[in-house]
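Chemist: Protein chains in written order, with this note's numbering: chain A, 1 to 347; chain B, 348 to 859.
Heads up, a few of these hints could be off.
The list that follows gives simulated cross-link-like pairs (lysine-lysine, DSS-like), each with its CA atoms no further than 27 Å apart [what the hints assert, rightly or not]:
{"hint": "1", "chain 1": "B", "residue 1": "Lys415", "chain 2": "B", "residue 2": "Lys355"}
{"hint": "2", "chain 1": "B", "residue 1": "Lys711", "chain 2": "A", "residue 2": "Lys231"}
{"hint": "3", "chain 1": "B", "residue 1": "Lys711", "chain 2": "A", "residue 2": "Lys221"}
{"hint": "4", "chain 1": "B", "residue 1": "Lys747", "chain 2": "B", "residue 2": "Lys733"}
{"hint": "5", "chain 1": "B", "residue 1": "Lys473", "chain 2": "B", "residue 2": "Lys455"}
{"hint": "6", "chain 1": "A", "residue 1": "Lys221", "chain 2": "B", "residue 2": "Lys747"}
{"hint": "7", "chain 1": "B", "residue 1": "Lys564", "chain 2": "B", "residue 2": "Lys415"}
{"hint": "8", "chain 1": "B", "residue 1": "Lys462", "chain 2": "B", "residue 2": "Lys436"}
{"hint": "9", "chain 1": "B", "residue 1": "Lys711", "chain 2": "B", "residue 2": "Lys733"}
Cβ pair distances, simulated, as ranges [unchecked claim]:
{"hint": "10", "chain 1": "B", "residue 1": "His721", "chain 2": "A", "residue 2": "Arg311", "range": "46 to 52 Å"}
{"hint": "11", "chain 1": "A", "residue 1": "Ile124", "chain 2": "B", "residue 2": "Gly670", "range": "28 to 34 Å"}
{"hint": "12", "chain 1": "A", "residue 1": "Phe99", "chain 2": "B", "residue 2": "Ser716", "range": "35 to 41 Å"}
{"hint": "13", "chain 1": "B", "residue 1": "Ile416", "chain 2": "A", "residue 2": "Ala327", "range": "30 to 36 Å"}
{"hint": "14", "chain 1": "A", "residue 1": "Phe202", "chain 2": "B", "residue 2": "Gly486", "range": "53 to 59 Å"}
{"hint": "15", "chain 1": "B", "residue 1": "Ser716", "chain 2": "A", "residue 2": "Asn47", "range": "43 to 49 Å"}
{"hint": "16", "chain 1": "B", "residue 1": "Thr575", "chain 2": "A", "residue 2": "Ala327", "range": "56 to 62 Å"}
{"hint": "17", "chain 1": "B", "residue 1": "Gly670", "chain 2": "A", "residue 2": "Leu19", "range": "56 to 62 Å"}
{"hint": "18", "chain 1": "B", "residue 1": "Gly782", "chain 2": "A", "residue 2": "Arg206", "range": "33 to 39 Å"}
{"hint": "19", "chain 1": "B", "residue 1": "Ser716", "chain 2": "A", "residue 2": "Arg185", "range": "37 to 43 Å"}
FYI, nobody ran anything at the bench for these hints, they're computed from the structure. Glycine residues also receive a C-beta, built at the ideal position from the N, C-alpha and C atoms.
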Amino acid sequence: MSDRIDSLLGQALAILFALGLGAIVILTVDESPLRVLVTLLNGAFGNPERIAGTLLQTTPILICGIAACISLRAGLFNIGIEGQLFMGGFWATWVGFSFNLPPVLHLLLAMAVAIIAGMAWIAIPAFFRARYNTNEVVSTILANYVAILVTSYLTINIFKRPGGLSETPPIHESAYLPELFSFSRLNWGLIIGLVLACAVHFFFTRMSRGYAVSEMGANPKFAEYGGIDIKRQIFVVLLASGAVGGLAGGVEALGVHHRFMEGFAPGFGFDGVIAALLANGSPIGTIFTALFFGALRSGSLLLEVDTTASREIITVIQALIILAVSAQITIKRRASDSTAGERRWKF
Amino acid sequence: MPFAIELKSITKRFGSFVANEGVNLAVERGRIHAIIGENGAGKTTLMNVLFGLLQPDEGEIWIDGEKKILPNPAAAIAAGIGMVHQHFKLVPSLTVAENVFLGMEIRKGGLIDHKAQIERTASLSKQFGLQVDPSERVGLLSVGIEQRIEILKVLVRGARTIILDEPTAVLTPQESRELFQTLRGFVAQGMTVLFISHHLEEVMEVSDTVTVLRHGKEVATRPTAELTKSDLVQMMVGRFVSFDRRPRPPTSGKTVLEVEDLWCRDERRVQALRGVSFKVRAGEIVGIAGVAGNGQTELAEVLSGLRPSSHGAIRLQGRPITGLSARAIRAAGIAHVPGDRLVRGVDRNASIALNMLMGRQDQKPWSRSGIIDHRYLTEQTTALIKRFDIRARGPESPVKSLSGGNIQKVVLAREFSGDAGFLLIDQPTRGVDIGAQEAIHGEIMRQREAGKAILLISVQLDELSALADRILVMFNGTVMGELPGDRVDEEEIGMLMAGVRPGSGASARGAA
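Chain B on its own, in the form it takes in the complex:
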């Protein structure tokens, strides 16, 4: 029997960024096939290629054993593919049935046959166990039911393969369970489901086969039953091999940063931090590990004053800094290397010198009585370029002319050259070449020797095991456990990252 879907070495580039590189995907008919990977691993891009929203630069799409070219979603729908997007596209003022048939209304004598539409919706909803009231207005319904309507829309258009992009992100645990029931019903009736997620439990629970993507490449495709959660984690974030642990004297500094029972919400008003507590001492590197999207970004934003916390306390050198502005927190002694360096970390169009000035433009000797000392700025920038080995023509070179690694060195140079006692470092080597990684790691170690307290957030385990004195593992907004940096057990950290406390065997997610 041919595969329901077969993607052959799909490559998709956006400018110089490669979102998918030679990805192969073979989906058997009548299966629930999960695609898992961290945020930015290329899952959604791949599905958009399959649904005709994006055109691959290379590669072929085969559907039911036939090679297809899908110039647009209409072609994909005609080939029997349906997609339920993360963000629903429904008209709130219309009824369920009207939404389901929007754009392909059943007509009778030139008018819309509402009765037939309602009957058809009701029969489909019964057949697949998608409970809805066809004549209810969509605006009055919950998110879980809106999703059912989206699925009905796909079904009524004759889909035999359904793609769901992060379908559980907006659902309650109960709604998720009902959705999984529905999906099992689909495959029982011979349909195929492609399910995108970065939540391990769901994938383990519902899928027959799983494909792991990492950095736009396919890492593995296996039957789910053969895998454990920690296998999945290791495939998603990569095994740690490349860096040796940096030698160091033991730490015995006093506490610099103290975080107590910290809570906050993300943009979607979902709890992103749920009671995080830890301490960082002078001369110590505390690592934060975890699959991306488990609260690390929000933790960094709250600590640097860019996001409000809803509960809890942060103390720096014993002084409470909770709720202060980003400016006041900088003044209190926090330097921040942001995870999204091109968005927050630099002004790409400005010179290196002007990028060095950020945050200190009001301080002597960088400026006097409101006037910038450009000579001092140029001198300092030249010195920092030398000290941090930034490969640039000079202080006036625009940042956008530098490579990724050198842009990161600009950020490090600025943040490490102040007198902050606490360094918040988020993904210091993401997208940076090996040579620059070595240099950046060396610089972080020098800061440790200088007695700085360092919080190092990274999704790269090898980076944490090379640098951190202690590693805290975050999962779903909480600290799942702590490991010593010099004895990282791959198995144990994988379990913690998957939300499983070693020994207990139970998942923490169900309780949360």
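For reference, chain A alone in the conformation it holds in the complex:
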């Protein structure tokens, strides 16, 4: 228990440290950090519409964060969630505009295809990791670029909406993920994310398979000794992580944009990974860290209107948080390096 408090304290300090440095950066552009903070809070939570806007930004980060949690708990690092999201988003859209189906069925089919697309996109890195122990960090990050370019090619060269922008035709309404309120595009994706976080939490804390996966993450040699088929499990876990990444894309396409376009989801996959790292790989914790990043993104919209600070300050703060968190990871790994077989990604 004291471990958990220690680690929460560590994360909080990392965030405070980053915000402190961010304040110094803001001072250098002759703006008041306090005013920026107030504006950010106002922009993120100032009225119901703004809260809904924050939650809208939170949703894809949350789902991507859960995808990251699944791999992190297994001692793996799927950093290709961005690519899985693009693939899931594109193919869900494709189902959405190519077929005419009854409402619920159409939506479910599009979601299923998004999940399959995410899985397919991680299948090759997953296979090579399981079979030949190829570093999944490198292979999944490379797959990101391919995914972004392939979906862009498909959008511009094959499925482009006649006339106008670089985007696909809109999906049929039968494939829409329903909105929650009349005043916002906030949709059922948030509910999906929250349910998923609870389900993954249950899986890791209550289920036999979840136990096998987290023991593999904690000490692979122990898991192997206990009769767990490591190679098979690595493959399955990475596919599951990719599936959730694809789902994030599906939710974004079917719930928010109703089409696929270039620059479809700017960095949600990466934000998800950071949210999961910041939450120590806990899906419940990721709900809160995703909300934090969602609020930063949403609050920054008001920043340029009300202050002289640029929206990019948010990117700077995020980068500082990554820096602080990864420094913390490094320190902890050093401290626990004395024993063999520890989990590879130590938070």
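Take the given structure of chain A and dock chain B to it, following the hints.
Modeler: Below, chain B without anything else, positioned relative to chain A:
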């Protein structure tokens, strides 16, 4: 004449682990001095201290009668010490001469003088009988020749004392013999050789003086000629004194485990098992003795499905289990207490309860339809903590908060509480305090009374003579001989562990 090297009560700790404790070592000039000990006895640590790679926590280093502080290998080299590591550090795309002079090239007008380098290499190689072609590319050469290049590198840097860390581990018997020739040539020319090994024959063959290390301490330093192989074995593994033999009724169970002509390779693709055969009956403890590193670890890994065998058969209750997965072998009825308990045996960061769950997380009543019954797990763990007398606050205490002996009890509790008919127990009391050792021995005896077939692998002879009904002695991947557990002759077992069959006088290693 002062000693070439004198280490005075060197202590080196890594955290709470003491690798060297008050080690004294005095090496006379012009001698081949062997340092022998089991894996993990602290040989390499001591040499790294001498070579400036590690700083001792206590103690002094004297070289040629002068006290030295060696903050780094450069200082050691300047003091005339050279080290040939177990793993060579050569550039395959460069020539022999370029490798020898790497980092200290002979220059002429700002350019490397290749001709001078080649000549110098050739003359050194001639002087010391280290045959190499100076202009050949290293990538094309065999391991034995690579080692010669490593030695040349040391010589060219002006070493008068050469440390060789397990130099024969990678060599063929012929290459080893040539190496010994070279080493004798060195001392004939007034140099000093420090030779680390855990192979007795080599030490007997080549060294003038031998120092035995055990558990990080110096046990003895003697002229090699005064010692026999079995003396060395006893000094390396310790004499058996501490435990009384446990009384027992005779055994007459049916055969549970049958191993037939088992072969396998280790990580370096070297044959680790060479045709091992034995049987274990119900209600019987069969001990496996031997100096560490003679195939015992690999035997345990093959039996538990963690390492593939290359040949042979394993039968459990008459059913072949060769080549099955670790999971299938567990299901067939093998419980395994691993030798490296902190690496394989537990998840240190998890609670005792979660450690008890390993291997049975899919079985009723531990889980139902994929969902773990945490209440049952807590109940069972509480009962096991009581039954095995594990000193812990409760089932939720993390394993890392326990002492070594109690961590081992966690492993035993998990493995002995299943219904496996065969127990594979590897080093049950390594690093465990005396009190816990008694308790663990008592538990193993109870398992015997319960009719379990037990294979007990241990490097501690006293443990085997206290517990085993029969003792098989392993040497170099084979079973050298069998002794009854109640009449262990110290002399005889020492000879077998050294690879000598009593009466024959010949070493089995030469033939292998």
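Chemist: Now, for every hint given, state plainly whether the structure supports it.
Modeler: Hints versus structure:
no., hint, in the structure
1, Lys415(B) <-> Lys355(B), "holds, 12 Å"
2, Lys711(B) <-> Lys231(A), "holds, 25 Å"
3, Lys711(B) <-> Lys221(A), "holds, 24 Å"
4, Lys747(B) <-> Lys733(B), "holds, 19 Å"
5, Lys473(B) <-> Lys455(B), "holds, 24 Å"
6, Lys221(A) <-> Lys747(B), "holds, 17 Å"
7, Lys564(B) <-> Lys415(B), "holds, 22 Å"
8, Lys462(B) <-> Lys436(B), "holds, 23 Å"
9, Lys711(B) <-> Lys733(B), "holds, 22 Å"
10, His721(B) <-> Arg311(A): 46 to 52 Å, "holds, 47 Å"
11, Ile124(A) <-> Gly670(B): 28 to 34 Å, "holds, 29 Å"
12, Phe99(A) <-> Ser716(B): 35 to 41 Å, "holds, 36 Å"
13, Ile416(B) <-> Ala327(A): 30 to 36 Å, "holds, 34 Å"
14, Phe202(A) <-> Gly486(B): 53 to 59 Å, "holds, 55 Å"
15, Ser716(B) <-> Asn47(A): 43 to 49 Å, "holds, 47 Å"
16, Thr575(B) <-> Ala327(A): 56 to 62 Å, "holds, 58 Å"
17, Gly670(B) <-> Leu19(A): 56 to 62 Å, "holds, 58 Å"
18, Gly782(B) <-> Arg206(A): 33 to 39 Å, "holds, 38 Å"
19, Ser716(B) <-> Arg185(A): 37 to 43 Å, "holds, 39 Å"
The structure agrees with every numbered hint stated previously.
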